[in-house]
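Given the sequences, and given the hints that come with them, work out the whole structure.
Going down the list, the protein sequences come from chains Z and U. Taking the numbering used here, I'd label the letters of the first sequence as residues 1 to 453. Taking the numbering used here, I'd label the letters of the second sequence as residues 1 to 565.
Do not rely on the hints blindly, as some may be mistaken.
With a cut-off of at most 16 angstroms between alpha-carbon atoms, the simulated EDC-like pairs for lysine to aspartate or glutamate come out as follows [as the list claims (entries may be wrong)]: (1) U:Lys-259 - U:Asp-85; (2) U:Lys-553 - U:Asp-448; (3) Z:Lys-226 - Z:Asp-140; (4) Z:Lys-32 - U:Glu-190; (5) Z:Lys-226 - Z:Asp-292; (6) Z:Lys-32 - U:Glu-230.
Heads up, incomplete: computed chain Z residues facing chain U, CB under 8 angstroms, no partners named [what the hints assert, rightly or not]: (7) Val-27; (8) Pro-33; (9) Val-339; (10) Leu-362.
Derived by calculation from the structure, the hints in this document are not laboratory data. We put the beta carbon where it would ideally sit given N, CA and C, even for glycine.
Letter by letter, the chains look like this.
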Amino acid sequence: MVVLGVLLLLISIGLFAQAIYSNLLLVYVWNKPERVEGHGGPVSLLPPRLRFTLLVPARHEEQVIAQTIQQVARIDYPPDLMEIIIVCERNDRGTIRAARRGIRSASSPSSPRLRLATFSDGPINKPHSLNKALQIATGDVVGVFDAEDDVQPGILRTVNTILLSEPVDVVQGAVQLVNHESRWFSALNCVEYFLWFNSRLHHDALAGALPLAGNTLFVRRSFLTKVGGWDDRCLTEDADLGFRLSALGARLRVFSSPVLATREETPLTVEAFVRQRTRWHQGFLQVLRKGDWLRMPSLRARLLALNTLTQPFTGSLASLLWPVAAVMVFLVKVPIPIVLVSYLPLYAFLLTMLTVIVGYRLFTEEFGLRFRVSRAALMAVAFLPYTWLLAVASVRAIIRELRGINGWEKTEHVGSHRIPSPGGRIARARRTPSPALSRGQQEATEPGPGGAS
Amino acid sequence: MQDADRGTLPRILNPAGVILGPLARSGLDALALPRFMLRHWAVLTALAVSGLAHAYGMWSYPEFDLDEGAILSQAWAVSHLGKIDPYTYWYDHPPLGWAFISPFTWFLDKVGVGTSAVENGRLVMLGVNLLTIFFLYQIMLRLTRSRSAALAVVLVMAVSPLAIVQQRMVKLDNIATMWALASLYLALGERPTLNRIWLSALALAIAALSKEPLVFFAPAVAYAVAQRVEGQRRLFALTGWTAIFVFTLSFYPLFALLKGELFPSGTLLGGNSAHVSLLGALFQSDRGETAGNPFSVLLFFRTWWHADPIFFTAGFCASAVNLVAAAKHRSARLAVLFIAPYLLFIARGGLVRDYWVIPLLPALAVNIAVAAVLAFGWLRRIEFDVLFRQTPVWQGLTHLGVLSVVAMGAFLGANSWSTYSAAFRNLFGQDMTTAYAQSLRWVEENVDPSSMLVVDATFWVDLQEARPPAAWRGIGGSTRVYGSYHYWVADRDPAVKSGVLEDDWRNVDYVVMTPFMEHDIAAGSVDFVKAIVDHSTLVAEFSSGYYWVRIMKVEKDAPPVGPAG
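As structure tokens, this is what we get:
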């Protein structure tokens with residue numbers, strides 16, 4: 001009984017502390033007035049000078065790719081300082097056809113250079129396509145957009161200004177889901193993005209542990225080459241890239257203004273949503289295991305990275321545990337002070353819910369959308385089920401990752417006579433895709449930044 | 001701050017600045033401490049004067065009050081028993097007040113600074129008061145932007161006899177008021193961070209969990225938050241502030257609920273077995289001598305006004321001025337919000353206690369400072385030369401006005417001179433506590449440790465444990481531990497009255513009687529204690545001022561005469 005009490009006490013305090021910390025990061029930008037004033041990026045712009053290569057990886061995107069190409073080509077930036085590379089796998093004929101069509105209609109004497117690059121080797125996923133395109137990229141700065149993105153025309157001038165006027169190597173722009181009224185979880189999903197890009201990432205950039213998003217990111221090409229491009233074995237290659245750049249000492253900057261945010265849409269079904277989150281959470285586990293974050297220069301950055309990577313799981317644990325704890329205190333005789341402490345995660349949970357609802361109000365305000373009280377009330381009701389969806393995704397991620405480890409060990413047994421050293425074992429394991437991993441990789445072209453959780 | 005200061009009061013009214021200013025610019029700057037003292041001379045002066053007026057004579061006057069003993073008993077239970085009450089906690093007040101002072105009193109008892117628990121408790125109150133003064137000064141500075149006004153009003157409060165008496169005593173109201181002022185101070189920063197806002201909510205919740213009525217300061221702090229945080233941040237600030245305040249408060253009913261003590265027994269949700277309850281205590285606390293008298297508060301206003309007419313008159317006049325100015329001035333609005341809800345609460349026509357004035361004092365002070373600065377601004381805009389040079393009628397009226405203000409001031413001053421001189425003689429010279437120390441020593445020297453004593457709460461704490469001597473004052477502490485009960489507990493708690501004392505006065509050996517106990521016996525509210533006293537004889541008596549202690553020995557061979565015998 002004593003052990004149970006102490007365990008309850010420690011778990012409650014731990015969950016409470018991490019929830020409060022994460023909550024503080026969600027409102028980081030609003031904490032100080034000067035942060036609110038500075039988070040939208042520079043106010044006055046410098047003349048364009050840097051050369052950009054924009055990568056648009058596409059797979060099975062014949063529906064949207066042509067329009068995206070036209071949008072990217074219309075970005076307000078001198079065409080001779082801009083190069084656009086659309087990357088497709090050679091057998092994806094539908095997308096290639098649509099991309100060619102898009103390039104043809106977007107091409108004019110005043111349009112930037114548009115190229116279509118194809119590749120035939122595996123693995124067929126987003127990081128691999130990006131690495132292929134990186135090989136032929138020529139710009140000073142490499143940027144990434146997804147095939148279904150709504151790209152804002154002003155973005156490159158802002159990034160150009162930041163890179164010229166500030167000591168910065170990596171710039172992450174905001175990504176925003178905007179269809180907040182499509183499904184019961186859409187508004188919550190939108191606010192999650194809103195708080196992530198408008199607040200949390202600003203803190204992470206300053207702290208030196210920035211999980212980059214899957215698009216609207218801009219990296220000096222020299223840095224990208226130095227870090228070795230994207231890891232094509234990682235399910236969240238974007239967050240992984242961010243952490244590896246952070247470990248390398250790259251200087252990071254985030255800006256978020258509604259005018260420049262890349263717009264996307266939420267997953268259309270609960271299943272798609274859970275699949276997407278499973279991939280992200282599993283990706284975070286892989287990043288955690290790879291341990292690149294341990295090489296970050298400051299202790300603060302390492303602790304923050306640890307928090308970022310584990311928070312989906314502790315958050316899920318909290319949302320599953322506190323209802324259990326709330327009931328258990330009536331069934332099990334535990335001393336009153338411990339019971340009171342065990343209620344702390346519930347309070348933290350309610351605080352997060354309020355933060356999200358206030359965030360919804362600001363989100364609709366900034367993006368010129370309609371704020372409806374009934375929608376906010378629905379969010380309050382839907383918040384707990386929503387966290388349960390995330391919990392389901394966490395559990396699936398852990399199971400899949402564990403199955404992956406099993407497969408890896410099997411491979412190990414087979415290959416152990418060839419690779420004797422422990423370091424080699426890990427290196428080989430990464431190069432051998434497990435069945436679980438390749439299933440995950442097929443989802444890698446889903447919308448959304450890998451960094452958000 | 002200095003610029004704002006100069007803008008409000010002429011430089012000549014700020015002599016320290018005139019003298020110390022050039023000094024500060026001279027070579028002395030190299031020294032860190034003097035520089036620090038020069039820069040913060042105003043707040044340091046306020047703290048020094050207030051601290052001196054508080055500390056000088058605080059162990060002699062006023063007498064050791066029953067409430068002080070009760071709170072210190074509970075603090076003792078926290079630090080020694082790990083419980084929030086030595087006996088049954090009956091939700092008299094939320095526990096954070098005594099839980100907060102318990103580590104400090106525990107430490108002072110261990111070191112042996114004072115010879116009795118109340119002396120150590122009052123030492124803690126000195127610290128609480130200094131923090132209160134600090135927060136109050138900062139609040140007034142931020143509301144008025146005038147260092148002179150803030151300093152002047154703090155000094156007036158520092159020497160207010162009413163304030164000194166109440167603030168010296170170990171009262172939950174003192175602790176709670178400090179937290180409430182800390183909360184307002186945090187919310188009033190220039191463009192405060194959200195972190196400060198969260199802490200402000202937490203501090204106010206701690207205030208209300210130290211003493212319930214402090215919850216009535218919530219409108220003022222919430223208004224300060226809304227006023228100081230702008231744009232996108234305001235919604236976050238107000239939502240977070242409210243949530244943290246309410247969530248923290250909710251731990252108190254949650255605690256009662258988990259113990260099955262939220263609802264009174266005999267109600268639908270409370271069950272039928274006898275038990276204490278939070279809601280029961282909350283409604284019961286509205287009974288008492290003055291309950292039912294809708295104008296009870298007026299009696300207390302008279303008492304308070306008699307104790308310090310100048311401060312009280314000025315405070316209420318200032319509040320009236322602020323009420324008028326509230327439509328136009330934010331500071332005045334905040335000042336009114338600071339005082340009005342609490343004032344309405346104590347004027348609701350129910351139970352009032354004299355120490356309920358404690359939270360009112362800083363509220364009055366804030367009102368005085370804000371109104372004074374507003375009035376000074378208005379006065380500066382009047383062209384006095386023009387008034388004096390106008391028609392004879394105007395001239396006459398102006399002279400009359402000035403004369404009547406001077407006359408009123410003189411009248412008030414002359415009338416209250418005797419009040420103040422008597423009060424100060426008491427505060428700084430009257431000894432009301434030597435009898436306590438003497439009787440404690442008498443018990444020590446003459447009573448066998450195996451005896452059972454019925455005492456009041458102040459003695460109870462001192463008889464609970466051996467105390468080291470207060471070496472630096474050359475006074476011996478007690479070395480023995482006695483079995484003793486607070487007379488209310490002996491009379492009311494069934495576990496003690498029937499369980500330990502077996503409802504028999506013969507099981508008690510001594511009664512240490514004080515004016516409080518005598519009052520309750522005379523009122524007929526503690527019959528078992530009366531029976532014990534009826535069977536005992538006086539063996540020693542000590543007195544200082546109108547406080548006295550009578551030690552009564554129970555005569556076990558005497559024939560039974562009392563009803564409980």
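Cross-check of the supplied hints:
no.: 1; hint: U:Lys-259 - U:Asp-85; verdict: holds (15 angstroms)
no.: 2; hint: U:Lys-553 - U:Asp-448; verdict: holds (12 angstroms)
no.: 3; hint: Z:Lys-226 - Z:Asp-140; verdict: holds (13 angstroms)
no.: 4; hint: Z:Lys-32 - U:Glu-190; verdict: holds (11 angstroms)
no.: 5; hint: Z:Lys-226 - Z:Asp-292; verdict: holds (15 angstroms)
no.: 6; hint: Z:Lys-32 - U:Glu-230; verdict: holds (11 angstroms)
no.: 7; hint: Val-27; verdict: holds (6 angstroms)
no.: 8; hint: Pro-33; verdict: holds (5 angstroms)
no.: 9; hint: Val-339; verdict: holds (5 angstroms)
no.: 10; hint: Leu-362; verdict: holds (6 angstroms)
Comparing the model with each numbered hint stated earlier shows that all of them hold.
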